[in-house]
Amino acid sequence: MAGNDLAIRVRNVSHQFGEEGSTQFVRAMLETSLDIHRGELLCLIGPSGCGKSTLLNVIGGLLTPTSGQVLVGDTEVRGPLPQEIAYVFQENALFPWSTVLENVNLGMMFQGVPKAEREPRARKSLATVGLSDFANHYPGQLSGGMRQRAALARALSLETGIILMDEPFGALDEQTRMVLGEDLSVLLSRTGKTIVFVTHSLGEAVFLADRVAVFSARPGTIKEVIKIDEPHPRKPGFMTSEKFTDLRNTLFALLHEEIRKAMEQSVASDRAAGGDGKS
Amino acid sequence: MTSTAYPTQPRSAVPLGRRFKRWILARPGVARLGVIALLFIAWEIAARFFVDKIFLSPPSLVFTQINTVFETTGVPNALRVSAYEIVVAFVMSVAIGLAVGLAVGLHRFSQKSFMPIILLLYGTPQITILPLFILYFGIGPASKIAFGVSHGIFPIIVTVVAGVQNIKPILLTSAKSMGASRWHIFRWVIFPHMIPSFFAGMRLGMTGVLLGVLLAELYVSTAGIGYYTTLFTQSFNPTKLLGLISVLAAMAILLNEIVRRAELHYSRWRSD
Amino acid sequence: MSAAPTSATTASDVRKSASQKSAKRDRSALGSRLVQAAFVIALVGLWYIGTTYGQISPILLPNPVRVFDELVDVLATLEFVSDLRITLFELAVAFSISATSGVVLGYLISRSQYSIRVFEPLFAGIYSVPIILFLPLYILFFGLGPASKIALGVTTSFFPIILNTIAGFGYVERVYVLSARSMGASDYQLFRWVLLPAAFPIILTGLRIGFTVALLSILGSETIASLAGLGHRIVHLAEGMDTARMFAYIAFAVAIALTLNTVTSSLEARARRR
Numbered sequence: 159m160a161g162n163d164l165a166i167r168v169r170n171v172s173h174q175f176g177e178e179g180s181t182q183f184v185r186a187m188l189e190t191s192l193d194i195h196r197g198e199l200l201c202l203i204g205p206s207g208c209g210k211s212t213l214l215n216v217i218g219g220l221l222t223p224t225s226g227q228v229l230v231g232d233t234e235v236r237g238p239l240p241q242e243i244a245y246v247f248q249e250n251a252l253f254p255w256s257t258v259l260e261n262v263n264l265g266m267m268f269q270g271v272p273k274a275e276r277e278p279r280a281r282k283s284l285a286t287v288g289l290s291d292f293a294n295h296y297p298g299q300l301s302g303g304m305r306q307r308a309a310l311a312r313a314l315s316l317e318t319g320i321i322l323m324d325e326p327f328g329a330l331d332e333q334t335r336m337v338l339g340e341d342l343s344v345l346l347s348r349t350g351k352t353i354v355f356v357t358h359s360l361g362e363a364v365f366l367a368d369r370v371a372v373f374s375a376r377p378g379t380i381k382e383v384i385k386i387d388e389p390h391p392r393k394p395g396f397m398t399s400e401k402f403t404d405l406r407n408t409l410f411a412l413l414h415e416e417i418r419k420a421m422e423q424s425v426a427s428d429r430a431a432g433g434d435g436k437s
Numbered sequence: 005m006t007s008t009a010y011p012t013q014p015r016s017a018v019p020l021g022r023r024f025k026r027w028i029l030a031r032p033g034v035a036r037l038g039v040i041a042l043l044f045i046a047w048e049i050a051a052r053f054f055v056d057k058i059f060l061s062p063p064s065l066v067f068t069q070i071n072t073v074f075e076t077t078g079v080p081n082a083l084r085v086s087a088y089e090i091v092v093a094f095v096m097s098v099a100i101g102l103a104v105g106l107a108v109g110l111h112r113f114s115q116k117s118f119m120p121i122i123l124l125l126y127g128t129p130q131i132t133i134l135p136l137f138i139l140y141f142g143i144g145p146a147s148k149i150a151f152g153v154s155h156g157i158f159p160i161i162v163t164v165v166a167g168v169q170n171i172k173p174i175l176l177t178s179a180k181s182m183g184a185s186r187w188h189i190f191r192w193v194i195f196p197h198m199i200p201s202f203f204a205g206m207r208l209g210m211t212g213v214l215l216g217v218l219l220a221e222l223y224v225s226t227a228g229i230g231y232y233t234t235l236f237t238q239s240f241n242p243t244k245l246l247g248l249i250s251v252l253a254a255m256a257i258l259l260n261e262i263v264r265r266a267e268l269h270y271s272r273w274r275s276d
Numbered sequence: 575m576s577a578a579p580t581s582a583t584t585a586s587d588v589r590k591s592a593s594q595k596s597a598k599r600d601r602s603a604l605g606s607r608l609v610q611a612a613f614v615i616a617l618v619g620l621w622y623i624g625t626t627y628g629q630i631s632p633i634l635l636p637n638p639v640r641v642f643d644e645l646v647d648v649l650a651t652l653e654f655v656s657d658l659r660i661t662l663f664e665l666a667v668a669f670s671i672s673a674t675s676g677v678v679l680g681y682l683i684s685r686s687q688y689s690i691r692v693f694e695p696l697f698a699g700i701y702s703v704p705i706i707l708f709l710p711l712y713i714l715f716f717g718l719g720p721a722s723k724i725a726l727g728v729t730t731s732f733f734p735i736i737l738n739t740i741a742g743f744g745y746v747e748r749v750y751v752l753s754a755r756s757m758g759a760s761d762y763q764l765f766r767w768v769l770l771p772a773a774f775p776i777i778l779t780g781l782r783i784g785f786t787v788a789l790l791s792i793l794g795s796e797t798i799a800s801l802a803g804l805g806h807r808i809v810h811l812a813e814g815m816d817t818a819r820m821f822a823y824i825a826f827a828v829a830i831a832l833t834l835n836t837v838t839s840s841l842e843a844r845a846r847r848r
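Chain order of the listed sequences is P, F and D. The first sequence runs 159 to 437 under this note's numbering. The second sequence runs 5 to 276 under this note's numbering. The third sequence runs 575 to 848 under this note's numbering.
Any given hint could turn out to be false.
Below 30 Å or equal to it, Euclidean Cα-Cα: the simulated DSSO-like pairs (lysine-lysine) are [as the list claims (entries may be wrong)]:
(1) F:K116 / F:K57
(2) D:K595 / F:K180
(3) D:K598 / F:K180
(4) P:K419 / P:K381
(5) F:K57 / D:K598
(6) F:K57 / D:K595
(7) D:K598 / F:K172
(8) F:K116 / D:K598
Not everything, but these chain D residues come out facing chain P in the computed CB check (under 8 Å) [what the hints assert, rightly or not]:
(9) R755
(10) W767
(11) A772
FYI, nobody ran anything at the bench for these hints, they're computed from the structure. Cβ atoms here follow ideal geometry from the backbone N, Cα and C, with glycine treated the same way.
Please build the complete structure, drawing on both the sequences and the hints.
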């Protein structure tokens, strides 16, 4: 774990969509506060609709919260901070009309990296994720796991202190997730970046995170923060250890009732909308 | 975990201008009507103050004097004949299109042999042979109907063939595994599956028929609608000309809408 | 394949059935080609026999040989040039106007979801009316010269172009825009590197459709009311009962149209291949 610097400070952030009383009104997230330390890997986990992705978007400056504020270093977040924060999306945000290398270059161009520096940085980050041989391929020609590695390379090349990842492995099969998770852990232990990571997977949260923030059902807030005291890089053996299982069980216990609540909510709202509760 | 009440502003505190802006922003349909109204107003102003009266007539005049269009001898009859031509051409297009589409689409081989020919014909500019149609069928309704049919059958054939060919093989396999005969498969699997495509084809077919019949009508300047459009044009009567065009446009919109509703109704099971 | 072999399913059997299937496919492809050829030959054959030995009036259906001779004459004497030039000129002007205005206006409208919701149904609605109805209006306004044809060509081709442009720019996947913004893209950078390449294939399709439709409506208006152009030439020959030469010009016009269609389609396909 890193020093006492706080990379990100979330202060009483809450968010709602739409106007109260209108049909599109959704209370996405209740007042939430959180301190994220420099160099730590923090996981946000919770049932569907609990607000974890909303919080991530607020931290990343992609969403202005209806109340509260987020501070990155000493700056208040009022919009994207491309110099400090890189964002990796769940559904692949690689531009399909550009090659992998072009994608990475474009990211740096948007950020403002001078032209001469882009190519070496791009090549370096592609090598880090193991995609050097696929630099001139189009995303459509790659598998899901490779595409997410390319998206990660793009984020790494921006050389920000903070990386936000919204269920980056969500669209992948379990085996690919496991392998990429291990790779990510190795990578992160080397770079010392601050990572905030949203996931649905309990195993992923325990395996990767230094701390796990558990959300309650919608409208959610952070129910509890679990500490995972295990050095990086995490070995594959950690996954089968007793410590891992205990932590995972703790998480499960915390989440289980929230997931039930979320399911009941969705059935209720479906019925209210005239459905048969079966979808 | 605390839940705080969210303060809301009382309605009276929001200024009227902003309330209107929010209201209109929530209703694009109203804004659209506003745009249409603006266009009509622009037309009115342009016709009244900027353009010579022999070239353009304001909507206020066109629509209040629409009865003069109908009172012109022969116009109601011409309209009736045109409507008749469209309906007949449409019915014939549907019948022929369905028959040919099924004949071609049901077998891989016939589809591969004849579709390229059909697509080639579909892609040729039929307007070039309009004078031939008039030569062969005369200036009466027959040529208009024929030209309408010639435009209407192709989209129907193409969509029927597509509807038959696009059936997921798994559906056919499961029917066969339950022992369905070839007639059963056609009646209960292929035919219902093809219906949404068929209706989509009919919508395009109606567009084609309208185009074909109207083209033929406008071309023949010695009788029918074409006679009156030519008459009003040559006598520089924009009021009546615009009136006649509006009636025809209304007729076209109505017919298109009928077919479109039918399509929506019969495609309900489609999830795509 | 791990099933216990009851009949001996060897690798060579699998290969054999695959090659049998492809041979069968080749045979049926050949078969369809033969049917097409037979169809065309039969059609032309009937035409020839009917007009040479039958009692069909040459004013109604001229002999294919005569049509061919007339076509050769038209091409050799370059008689077609003046009409073709006019038609192509009208097409070029009409398409330039509708393409630029359609793409620019389409982009402007696509900038907000609200304006898309206001304007797109409006354009789609107008497009569903047969635009040919505007022709008498344009004749009244512009006379029988090229201007009325150009006006109709612009009106007809404007709609598919603007509708496709709105669809292209307006429905770019949100995640691409968010991603670019999160990396610090400016408005210009967003347009140049995200919106434009994302929208490009759809816009190109709209342009191709617009081009085709412009040509058709120009030929149509030349047929209905004109003093010059390919459409007019065909009508003129029909009125003069010179059916053989008319057939020749029809063949010529169709060939021009098909060529232009093929060129635009292949341009579109090539640009879309990335």
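Hints, one by one, checked against the model:
1. F:K116 / F:K57: violated, 58 Å
2. D:K595 / F:K180: Answer holds: K595 (chain D) to K180 (chain F) is near 22 Å, not above 30 Å.
3. D:K598 / F:K180: holds, 23 Å
4. P:K419 / P:K381: holds, 14 Å
5. F:K57 / D:K598: violated, 71 Å
6. F:K57 / D:K595: violated, 73 Å
7. D:K598 / F:K172: holds, 22 Å
8. F:K116 / D:K598: holds, 14 Å
9. R755: holds, 5 Å
10. W767: For W767 (chain D), the interface hint holds, since the closest Cβ of chain P sits about 6 Å away, which is under 8 Å.
11. A772: holds, 7 Å
Violation of the numbered hints given earlier is confined to hints 1, 5 and 6; the remaining hints are satisfied by the structure.
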